[in-house]
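Asks: Numbering-wise, my numbering puts 201 at position 201 of the sequence shown, and it's gapless, one number per residue.
The hints are simulated quantities; they were obtained by calculation from the structure and are not laboratory data. Incorrect hints may appear among the rest.
Unchecked claim - Straight-line C-alpha distance at most 25 Å; calculated DSS-like pairs for lysine-lysine: (1) K216 / K202; (2) K157 / K177; (3) K308 / K369; (4) K107 / K129; (5) K376 / K335; (6) K308 / K335.
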Amino acid sequence: MGNTAVGAAAAASGSDGFVFWNILTPKFYVALTATSFLISILILLFEWWYFSKYGISFIEQISLNYLSPLFGGNSGGANSSSSGGSGSGSGNNSGGSSSADSSDECKVWRNPMSLFRGAEYNQLALATKREALTFYDMNLSAQDHQTFFTCEADGGKEDMEIMTTAWRERDPEARIKSAKEALAKNADCAPAYILLADEEAKTITEAERILRNGLKVAEATYRRSQLSHHQSALHEAAHRRDLNVLIYIRRRLAMCARKLGKLRESVKMMRDIIKEFPMVNLFNIHENLIEALLEMQAYADVQALLAKYDDINLPKSATICYTSALLKARNIGDKFSPDLIAKRGLSMAEMHAVEAIHRAVEFNPHVPKYLLEAKKLIFPPEHILKRGDSEAIAYAFFHLPHWKRVEGALNLLDCTWKGTFRIIPHPLEKGHLFYPYPNCTECTDRELLPEYHELSVYPKKDIPIFIRFTASLCTVTAMLAFMAYQYPEMLFYIFRSMLQWTFENLSFVADKLELVLPNWIWQLSTSY
């Protein structure tokens with residue numbers, strides 16, 4: 001009897017609901033579908049605007065920031081991906097996520113492999129009638145030189161005041177003239193030798209000769225300031241400036257030796273700098289050292305350097321990530337065959353090599369096209385944006401020969417690099433091994449690189465799934481609104497038939513459950 005009462009109650013409830021829907025007029029369905037369409041199109045427009053501005057769906061942002069923490073998730077990915085206005089080339093460390101590190105995504109860095117203006121950049125400009133450096137790039141260099149090679153203790157020193165002005169000159173001839181004037185005032189003006197070696201010298205040999213003269217002066221000046229740097233803040237500032245000048249000249253001399261083919265001398269000079277000044281990492285000399293060792297094919301020494309600098313707490317770079325991939329590819333590149341791999345699978349060494357390539361490509365996805373010569377290389381700028389096109393050019397310009405020298409390395413890269421984008425989580429754009437790729441690289445690279453260069457852009461992901469969903473919802477509701485307006489009677493009968501079918505199936509399911517479930521469950525459910 002209890003079961004009969006419960007069944008009757010369920011049937012009555014179903015019939016009441018059906019009667020309610022049955023008394024609705026066609027006008028109600030027209031208004032309902034039109035309202036649904038307007039709401040869905042507003043959601044779609046807002047989602048699209050938010051995605052265009054911040055690079056992430058608004059619904060995804062809410063789910064990551066508010067819903068994911070409730071279920072034990074991490075909301076760091078969304079914060080990182082939407083903070084694209086300021087940046088770090090240095091803070092992208094493997095594993096982990098830090099808002100302090102991810103807040104510097106678009107910081108520009110001095111290119112450790114930058115060329116000589118007079119001996120290289122200007123020679124290219126004369127040959128091609130195209131300037132390799134942009135004004136933005138050269139202006140950054142002028143600021144660097146003022147920061148590194150001048151200080152507040154230079155007041156009253158005529159030669160140093162001239163050099164302070166010289167770094168700000170836009171005309172190269174004016175800068176060279178000012179440097180010569182500073183040397184005329186004081187033959188021990190080391191920054192003047194730096195400027196002349198970089199801009200006046202027409203060959204690397206001539207630049208090396210000028211820098212050797214400057215080195216003698218810089219060493220003597222540094223020794224004098226070392227004795228008195230503790231006396232006052234001004235003396236400390238002068239000592240710090242003299243140290244920068246000394247390291248810079250020695251590093252440029254090592255680069256001259258590398259360009260002139262004196263590899264052992266170049267490597268020794270770089271090792272000496274790192275050994276004498278281990279705490280000074282201002283100029284990233286280890287990247288110059290890695291490139292010179294690769295040219296010598298001293299792969300064991302390169303591996304030892306990577307073990308020191310490819311640390312989770314240290315800034316990453318394309319040189320670090322791609323050199324690590326190159327060394328792993330060297331072990332299996334000559335034996336790598338896609339057909340063979342498809343049959344037997346990846347060995348442990350091959351898996352490590354592929355993972356290293358995926359890691360490198362995720363850090364900077366622009367490099368493979370240059371290494372595979374799918375894009376034309378240009379002279380690298382004096383500043384680079386880590387993870388950007390400028391860094392990719394700077395890396396490939398010097399390291400492409402090293403990849404070509406390792407048998408099978410480029411073939412392995414060609415077969416595997418695109419798989420990186422299938423590994424990165426989608427559609428949440430969290431990143432896999434690094435922070436999400438910053439949104440601001442394209443604008444900064446456009447200012448660093450000349451206009452004639454076709455900028456490489458990060459491979460765009462598909463439109464987020466929530467925008468697709470809202471677009472589909474908008475389309476469906478628009479079709480329903482149109483049908484309700486044009487054919488209200490037909491749509492009315494379709495809806496009524498669907499509702500009737502739904503209620504009939506619910507009644508059928510309720511009857512079946514009534515036979516299976518105990519009476520007390522139905523009594524409990526109907527009591528509410």
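Asks: For every hint, state whether the structure bears it out.
Replies: Right, here's what the structure says about each hint:
| no. | hint | in the structure |
| --- | --- | --- |
| 1 | K216 / K202 | 22 Å, holds |
| 2 | K157 / K177 | 18 Å, holds |
| 3 | K308 / K369 | 28 Å, violated |
| 4 | K107 / K129 | 30 Å, violated |
| 5 | K376 / K335 | 29 Å, violated |
| 6 | K308 / K335 | 29 Å, violated |
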